[in-house]
Structure formats: C-alpha cells, structure tokens
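S.K.: Sequence:
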Amino acid sequence: MSVRDHIGDLVSEKAFYKAVVILLGGLPAVEVITEIIVRFDNRFIPSFFLPQITGLFGIFGTFLTILCWLAAEPGKRKLRPADIFYFTLLFFMIISAVFSRHPGLYSYGDYFYCENPLHFLAYYWLYFAGTLIDDPKYRRNILYMFAGVAVTEGIFAFLQTFNIQLSYSLYYYTEHTAYGLTQNSNYYGGLCVVMIAGISGMYIFSDLIAMPKMIKNTLPVILAVLFYTMLGSRARLAWVGFAGLLIFYIISMTIMYWRDREAVKPAVRRSLVLLAVFSAAFLIAFFFTDYIREAAVRSYWEVAIGDADKIGTDRIYNWRMGLASVPDNWLTGVGLDNYGYVFESAPDIYFQAKAHNEYIHVLVTQGVPAFINYMALLVFACSGAVRNVIKDGSKERRTVTWILLGMFVTYCVQALFNGSVTYVAVYFWFIIGLITPRTVIRPDKNRLNSADL
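The opening position of the sequence shown corresponds to residue -8 in the working numbering, with each subsequent residue numbered one higher.
I should point out that these hints are in silico values taken from the structure, not numbers from a laboratory. All C-beta atoms in this analysis are idealised placements derived from N, C-alpha and C, irrespective of residue type, glycine included. Honestly, I wouldn't trust all of these hints.
Said to hold, decoys possible - As a list, the in silico DSS-like pairs of lysine-lysine whose alpha-carbon atoms are at most 25 Å apart:
1) K5 x K128
2) K207 x K386
3) K301 x K128
4) K69 x K382
5) K128 x K207
6) K386 x K204
7) K256 x K207
8) K5 x K386
9) K5 x K69
10) K128 x K204
11) K69 x K204
12) K386 x K256
13) K204 x K256
14) K382 x K256
15) K386 x K128
What the hints assert, rightly or not - Just the calculated beta-carbon pair ranges, DEER-fashion:
16) F54 x D281: 48 to 56 Å
17) G297 x W249: 41 to 49 Å
18) Y341 x F273: 28 to 36 Å
19) A295 x L322: 37 to 45 Å
20) F273 x I24: 46 to 54 Å
21) M244 x A295: 20 to 28 Å
22) P94 x V288: 28 to 36 Å
23) P94 x L274: 50 to 58 Å
Throw the hints in and build the complete structure from the sequences for me.
M.R.: In structure tokens form, the structure reads like this:
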C-alpha cells in the first residue's frame, strides 16, 4: 500500500464528514460550557473559545484539503468548478488582507466580530468539505445535526424571552429578548430563521427521507418555539428572511403541483400544518408580548422621520459610506474585514465594523473582483442545486438538496441586512458546499475517487 493510499484513507468522505460534524455540532456545546465557566470565573467572557476553535479548524481543514489533493494520482486530477472557486476565494482573501488599509487589523480588533484569515480558511474548507460529502446517509445526518443545533439554541433563546440567562449577552441585550448562544439578537434572528428553513423542509418532506415517526411528530413543536424566539430576537432582518423562505416554498410547491399533483399533496398538507403553527406562535407573540408592535412602530418612525439614512437602524447611511469608498479601492477593497475604515473620514463619530449587508461588506472590504467571484459562487451553487433537484434520480437525494437550498435562499435573503460573524457564517459556508454540484465520491469504498478529484 503506497503513501498516497494511506493519505487517501485519511481524507475519505467519512473523515471530512466527521470533522465537520464535530466542529458545527460542537460549537453550541462549547458555548454552553463557556457560559457556565463565566458564571464562576469573570476572567472569561461568553464566546471566549469560539473564535479560537474556528481558527484552529481553519488550519486543520486546510491541511486536510492539501492532503486530499496529494492523494490524487498525478496526471488524473480534474480541476472542477468547485475547486476553482475554492482557490479563487483563497486568492482574493489573501490579496485583500495583504493590501489592507490596516494590515493585520480585523473589525478594529473586536474579539467577537473579528473575521481574520484563519476564520476565512475555516469558511472555505467547510465549503470544500460540503462539495465532497455525497453519501445520502451523511447528508441526512447533517440535517439532524442542524436540527440539534437549532434545538440547543432555541432552548436558551426561549428562556431568554423570560429574562432567564445562563450568563449574559456580550454585545447587546434588551429585556425579554432572545439571542440564544450567539451573543447578539440580530445574529440569533438570522441563524434561527435559517434553521427554521431546514427543519420546515424536514417536516414538509418527511415522507421522502428516512425519519423516525417520533422525530417527525416533534418537528412542529420545535418550529413553534423557534418561530416564537425568532420574533423574540426583535431582529427585523429575520422577518425578511422568513418572507424569503415563504416565497421559496410557494414557488417550489407551485412547480411541484404543476408537475405531479398527486405526489405533492402530502407536502402541501404538512405545509398547511406549519402555516397554522406559525400563525399560532405569531398570535401568541402579538397578544402577550411587544415583539411585533415594537418592530412595527420602530419601522414606522424610521420612515416617518423623513431621513433615509436612518432606515434600518442607520443601515442606509452605513451602506452609503461603504459604497462611496469603492471607486478608490475597487481592486482589493479597503481590507479584509476592515469596513470601519470607511468611517475614518466621516464628519461625525458614527462607526460600524460591519456593513450589515454581507454583499456590500464583501464589495467594500475585498474589492470588485472578489465580489464578482463571490456572487458567481452563489449563482453557481444555487443553479447547480436546482438542476440536481430536477434531474437527480434519487428522491431522497433530491429532497435533501431541496431542503438545503431552502436554507441557502433564506440565509441569502436575511444577509441583505445582516453582518457575517464566525459563529453563524460557518453554517452557511458549509451549506453552500453541500448544494454545489460535484459527484466525486466512490460509494463502494467510501473514499474520494482520486481519478475524478
């Protein structure tokens, strides 16, 4: 057995799958442990270990990726679009970091917001790993992992709506507001609505994926709690993401109904059940909390005041300042995660470390070429997922891809008003990889096909 064969065993599909599940499934557990420590030792803060763990996995994942390429037989490597995007993402990240207006400074040193090169290595490795995980059992288990993360987050978020906290919110907290384990209600709202998208898909298409009846019957209850905590986050961006999810499923169901009316009836019935569940949670929040009224009043006054810059909690001003910097920094941006630079010449003391629009953030911080590359990746992943949903011969594979596509669309919509942080972004980058078309797995031996890599 050659050295290359030994390396191939280390970078099997199973190895990538286990590494990802350990990271993404373990992050909430690490945060729970950290918050318990915080209660007894004030030298630590919530989320103290998460950025460090993500960075370490960035190094580890990149090492695995290098080994993956070394395992391929010389002359038989096939550079696929997914690989090209992996390398272009790395290239633009490095260029932006090197030519930053403040080299080595990310989010102006903010510990939690900071996304440094090691974190981006983790993002891109998760994307690459997602493109390699093709086994239906693994992909189904990944959906369960997402559900587990959602339940863990939702339990703490639900308690927070009653002012019960394990430790404290590191960055933002208003009474009776849900932030889960993310330390910011906006970030929880964004993560929550993506998890709602995944669990909703699991329930709607539960007859097409292998799922124990007990789990299927508990999903509506889980979704009711998650939807309530989503409203409890007071994050209006989550409403936008949920609207995107509804549109996605309305379009999906319409197409399915047009193609096969009988086959789609069970999914339509379960969709109506979820609609009733969400409506009930909405009414409870409306009559017994101020979540909906407060969001409506806040939105009304932002428009009524007549100052466009104030809309979306000053987001328009934030975006305008960032976009104004693009002409002078179009090639490499102002620097990797260095959005705060655009406010250094501002006539007031307003400052934001993030654009609160992930697309503008990439454009401003990494430049026009990097932005085009990022948007091309999203379009390629989405269009490839749609093709797989239409053409894949396996109902279960098609269904899992459809569920993941719903999560992808939901995240992309809420990202119009949200910022990227490591704790939330890691899930999205993995989802991008999972829906990106690439079939390079040799299922009989459960390892990468080196001839097709």
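S.K.: Next, verify each hint and record whether it holds.
M.R.: Okay, the hints, checked on the actual structure:
Straight-line distance between C-alpha atoms of K5 and K128 comes to about 11 Å, which keeps the hinted pair within the 25 Å bound. Among the hinted pairs, K207 with K386 is consistent with the structure: their alpha-carbon atoms are about 18 Å apart, no more than 25 Å. For the hint linking K301 to K128, the alpha-carbon distance of about 48 Å lies beyond 25 Å, and the restraint is violated. Distance check on the hinted pair: K69 and K382 sit about 23 Å apart at the alpha-carbon level, within 25 Å; holds.
Of the pairs offered as hints, the one joining K128 and K207 holds, with about 17 Å between alpha carbons and a cut-off of 25 Å not exceeded. For the hint pairing K386 with K204, the CA-to-CA distance comes to about 19 Å; that is within 25 Å, so the pair holds. Note on K256 and K207: the hinted pairing holds, with a Cα-Cα distance of about 17 Å set against a maximum of 25 Å. Note on K5 and K386: the hinted pairing holds, with a Cα-Cα distance of about 22 Å set against a maximum of 25 Å.
Our distance criterion of 25 Å between C-alpha atoms is met by K5 and K69, whose separation comes to about 21 Å. Distance hint between K128 and K204 is fulfilled; the C-alpha atoms sit about 17 Å from each other, no more than 25 Å. Of the supplied pair hints, the one linking K69 and K204 is violated, its CA atoms being roughly 42 Å apart against a limit of 25 Å. Of the pairs offered as hints, the one joining K386 and K256 holds, with about 16 Å between alpha carbons and a cut-off of 25 Å not exceeded.
For the suggested pair K204 and K256, the alpha carbons sit about 19 Å apart, so the restraint of at most 25 Å is met. Under the criterion of a C-alpha separation no larger than 25 Å, the hint pairing K382 with K256 is consistent with the structure, at around 21 Å. A hinted pair counts as satisfied when its Cα atoms are at most 25 Å apart, and K386 with K128 qualifies at roughly 13 Å. In this structure the hint that F54 and D281 lie 48 to 56 Å apart at CB holds, the actual value being about 50 Å.
Distance hint check for G297 and W249: the Cβ-Cβ separation is about 45 Å, which falls inside the suggested range of 41 to 49 Å. Checked against the given bound of 28 to 36 Å, the beta carbons of Y341 and F273, roughly 34 Å apart, stay inside it. For A295 and L322, the Cβ-Cβ distance of about 41 Å falls inside the hinted range of 37 to 45 Å, so the restraint holds. F273 and I24 have their C-beta atoms about 34 Å apart, which leaves the hinted 46 to 54 Å range violated.
Distance hint check: the CB atoms of M244 and A295 are about 37 Å apart, inconsistent with the given range 20 to 28 Å. Between P94 and V288 the beta carbon distance is about 44 Å. The supplied range of 28 to 36 Å is therefore violated. Evaluation of the 50 to 58 Å hint for P94 and L274 yields a pass: the beta carbon distance comes to about 53 Å.
Consistency note: the structure conflicts with the earlier hints numbered 3, 11, 20, 21, 22.
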